[in-house]
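**Student:** Each chain, written out:
There are 2 protein chains.
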Amino acid sequence: MTQANISLYYKNVTAEVLGPEHGINRDQFSEIAAKTTAAIEKVNQVRAAGKTPYRDLPYKAAYAASAKKLAAEIAGACENFVVLGIGGSALGNIALQTALNPYLYNTDDKQRKGPRLFVLDNVDPAQLGSFLDWIGDKLDRTWFNVISKSGRTAETAAQYLILQQMLQERLGPAGFREHVIATTDPKKGTMRQITDKYGFRSLVVPDGVGGRFSVLSPVGLLSAAVCGIDIDELLAGAADMNQRVKNTGFFANPAAILAGVNHHFYQRGKRISVMMPYAYGLKDLSDWYRQLWAESLGKAKNIHGEMVFVGPTPVKALGATDQHSQVQLYREGPNDKIFTFLQVQEFARDLTIGPAPDCAPELGYLAGAKMSKLINCEKLATEYALVKDLRPCMTILFERVDARTVGQFLYLYEVATSIAGRLFEIDAYDQPAVELGKDATMALMGHPDYAAMVAKIQPIATMDPAYRI
Amino acid sequence: MTQANISLYYKNVTAEVLGPEHGINRDQFSEIAAKTTAAIEKVNQVRAAGKTPYRDLPYKAAYAASAKKLAAEIAGACENFVVLGIGGSALGNIALQTALNPYLYNTDDKQRKGPRLFVLDNVDPAQLGSFLDWIGDKLDRTWFNVISKSGRTAETAAQYLILQQMLQERLGPAGFREHVIATTDPKKGTMRQITDKYGFRSLVVPDGVGGRFSVLSPVGLLSAAVCGIDIDELLAGAADMNQRVKNTGFFANPAAILAGVNHHFYQRGKRISVMMPYAYGLKDLSDWYRQLWAESLGKAKNIHGEMVFVGPTPVKALGATDQHSQVQLYREGPNDKIFTFLQVQEFARDLTIGPAPDCAPELGYLAGAKMSKLINCEKLATEYALVKDLRPCMTILFERVDARTVGQFLYLYEVATSIAGRLFEIDAYDQPAVELGKDATMALMGHPDYAAMVAKIQPIATMDPAYRI
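Those protein sequence lines, which keep their order, are chains A and B. Numbering of the first sequence is given in my numbering, commencing with residue 9 and proceeding in unit increments. Numbering of the second sequence is given in my numbering, commencing with residue 9 and proceeding in unit increments.
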């Protein structure tokens with residue numbers, strides 16, 4: 009099979025299609041190109057200075073090798089692989105699995121190329137309890153991958169402490185040691201200390217790579233390798249894309265166009281960015297994108313002493329399903345959104361729609377057609393309807409969905425985020441606003457270092473009966 | 009066990025908490041109350057005139073009886089129950105299952121109270137193909153519930169035609185007839201004709217009840233009854249809520265407060281409405297809400313000859329997970345959102361966090377705590393952080409998650425939608441903007457009646473190479 013690629017189609021954001029009020033005209037495109045070219049140059053400089061190490065992940069053969077080695081060690085014995093992680097330590101793993109393995113991978117032993125995969129990214133006791141009830145008698149065939157740079161993330165730590173107790177009790181010290189794999193800081197931090205104490209196998213969370221940019225590091229690679237995904241092709245796809253997105257020529261750089269067009273529309277009141285794949289398998293790439301875009305670009309900035317709040321709101325949708333849920337709003341609601349479709353040219357498999365019964369000739373138009381044709385016609389029909397109402401649309405076209413094209417997609421959006429960070433004039437790599445909630449959680453859980461905070465939270469914590477009905 | 013209820017807490021939208029710029033002060037609340045009381049009165053009048061039949065579903069014992077009778081007929085023999093439906097014919101079924109059955113219900117035979125449930129609400133050939141590969145040798149233990157009022161919904165029809173062919177081939181005419189159940193119009197339409205031709209068992213989609221208001225009709229009740237959910241309690245919960253939401257006293261009516269507060273903030277530029285449950289089980293209630301809110305309220309209206317586009321954008325989020333994905337944006341992005349948390353007071357089960365290893369005393373604050381305490385502290389911490397940045401928050405508090413409280417929740421939001429429709433001055437029950445995409449799909453699929461449309465779509469259908477990179 010020849011190599012598949014992704015491409016970006018953006019004609020349906022232009023004034024030629026949408027008219028002067030909602031579309032981008034030639035002069036505006038020139039302005040966007042100029043601003044964005046400057047942004048690409050800065051992004052390239054920062055990279056050259058070694059300050060965005062995520063950019064080099066496609067070339068880190070040692071990381072891929074470490075993931076494959078570990079996957080090989082547990083292959084055969086491992087029937088269930090469980091990731092404990094949250095946010096950037098979960099979303100990439102989930103996205104790769106949904107995109108690159110079958111829908112019923114976990115259910116159907118014949119469709120599995122490796123162990124079942126579970127990603128536990130919450131602290132809901134009913135949910136986790138249901139999981140533990142099921143896994144309890146399968147622990148000897150189950151491996152747990154704890155992913156946390158620091159080991160202090162409350163959700164992952166809480167899950168880990170529950171599982172540590174369970175594994176120690178049921179498998180003994182040697183079994184416990186065998187069945188936990190840590191992906192964490194190589195030198196310091198809570199999870200590193202725990203890993204060294206018990207002698208777990210471990211993989212590295214690279215320095216300077218934030219959670220939301222870590223999918224191509226061991227954070228995302230291990231579960232993928234374990235579940236039979238070709239991680240070399242994934243990295244090769246990212247490397248393909250690197251050649252395209254470092255280009256300072258705006259119109260030759262798809263990351264630049266994504267960033268520039270999104271920024272342009274944001275400034276003109278289109279502050280919601282909907283990603284709508286027309287393929288079930290790509291739905292969790294939207295969820296991965298949702299973190300990347302929100303956490304990177306949602307930032308307060310101080311302009312001449314005044315706080316200004318910026319950041320587009322990413323929204324995940326799913327075609328064709330959400331045509332029956334969201335498209336009414338997308339067409340007739342405020343023109344405050346930009347749409348990015350993900351479209352698959354050639355599905356991994358296809359189905360033929362059966363004949364219509366005699367009593368229902370009105371379904372004859374479907375009979376004998378390929379289902380892939382139907383879903384792609386629906387995408388086009390929705391785009392047509394949106395464009396008719398002057399809503400801007402772009403499409404990322406996947407020639408096929410495979411590890412190579414998914415690698416291209418991930419790297420495309422990572423670099424688009426870096427470029428957009430420059431256009432929004434914010435730091436795309438920090439997340440200062442997350443800290444207060446973390447501190448408040450520790451305070452409420454009784455952490456002695458945060459005791460002073462409890463009194464501040466109290467007015468919110470106590471429900472005032474006057475406002476409760 | 010005493011009956012559990014839900015309540016609404018809304019102090020954290022007031023000026024007392026958020027200050028004058030972002031909060032609602034007493035005078036504003038009085039204005040909102042006056043406007044909303046008028047809306048409740050109109051909603052009650054329309055109901056009394058029989059024009060919103062969804063309002064009477066809690067009292068339709070015959071519907072519940074028909075669902076329970078059918079569920080009893082297939083109980084034992086049925087190991088897999090498959091819903092073919094999309095939009096309002098899928099989202100309620102999914103929401104009830106996720107809320108009221110265990111996380112690993114489909115996976116763990118010990119946790120199942122009935123057959124596995126699959127809701128197929130898309131036309132992705134790779135996804136459906138994976139499902140058919142697995143189900144293919146289990147058809148004699150599998151029942152298919154086709155849900156479509158008209159039977160002409162392209163996605164459901166396409167799925168049905170594939171399954172009809174498969175079932176006829178593999179089970180013969182009698183088996184095919186036995187294993188399909190139609191939920192459709194009792195008298196007319198494509199699915200009714202097919203049902204009569206083959207002699208399928210069937211349930212009724214009531215007249216005048218739109219898809220997104222149909223969860224408490226046979227559309228949502230059958231799969232729930234089949235999977236062991238107490239549908240009488242579900243309806244009793246809705247009836248409980250009916251007593252509260254017909255109240256014309258604004259401050260005693262939680263649906264009125266939800267509608268009035270949302271409308272107020274929308275008019276002041278907070279056009280994104282985030283629903284964020286802190287419970288995995290409630291996550292698909294958000295998805296159900298997302299359709300209800302978007303499709304009902306996203307409407308163009310003609311004001312003195314000019315088209316005006318209105319409608320809040322509903323967004324689903326999940327706590328605590330999305331703290332590590334969206335909260336950075338929610339706090340530091342534009343103050344353009346209103347947040348509604350769903351919180352569970354008493355989880356169906358709980359877990360105790362294990363002891364911290366000696367080498368990690370920094371995790372000591374978690375050791376021995378209940379996981380339910382952690383997730384609820386996280387909710388409070390997030391709310392505290394948002395309120396500190398003057399973002400309005402409400403909470404729907406579930407004393408427990410059970411059929412009764414879920415019934416209350418569903419009816420609460422349905423009536424809130426009706427009231428909000430009045431405040432936005434739009435028709436909450438139609439969805440005119442969905443039609444164009446349906447027609448365009450038929451055109452592109454070669455339906456002869458829509459042939460003239462193809463030429464109009466062509467400029468969008470052909471990708472212009474000048475804009476593809």
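Hints were generated in silico from the structure; no laboratory data involved. Worth double-checking, as some hints may not be accurate.
[Stated by the list, open to error] Below, computed lysine-lysine pairings styled on DSSO-like, alpha-carbon distance capped at 30 Å:
hint : chain 1 : residue 1 : chain 2 : residue 2
1    : A       : Lys68     : A       : Lys50
2    : A       : Lys446    : B       : Lys381
3    : B       : Lys76     : B       : Lys50
4    : A       : Lys43     : A       : Lys76
5    : A       : Lys378    : B       : Lys446
6    : A       : Lys254    : A       : Lys76
7    : B       : Lys396    : A       : Lys205
8    : B       : Lys254    : B       : Lys43
9    : B       : Lys76     : A       : Lys464
10   : B       : Lys43     : B       : Lys309
11   : A       : Lys396    : B       : Lys396
12   : B       : Lys146    : A       : Lys324
13   : A       : Lys309    : A       : Lys324
14   : B       : Lys381    : A       : Lys378
15   : A       : Lys464    : B       : Lys324
16   : A       : Lys324    : B       : Lys254
17   : B       : Lys146    : A       : Lys278
18   : A       : Lys146    : A       : Lys59
19   : B       : Lys278    : A       : Lys396
20   : A       : Lys146    : B       : Lys324
**Student:** List in ascending order the numbers of the hints, as given earlier, that are violated by the structure.
**Tutor:** Result: hints 3, 4, 7, 9, 11, 12, 14, 16, 17, 18 and 20 break, sorted rising.
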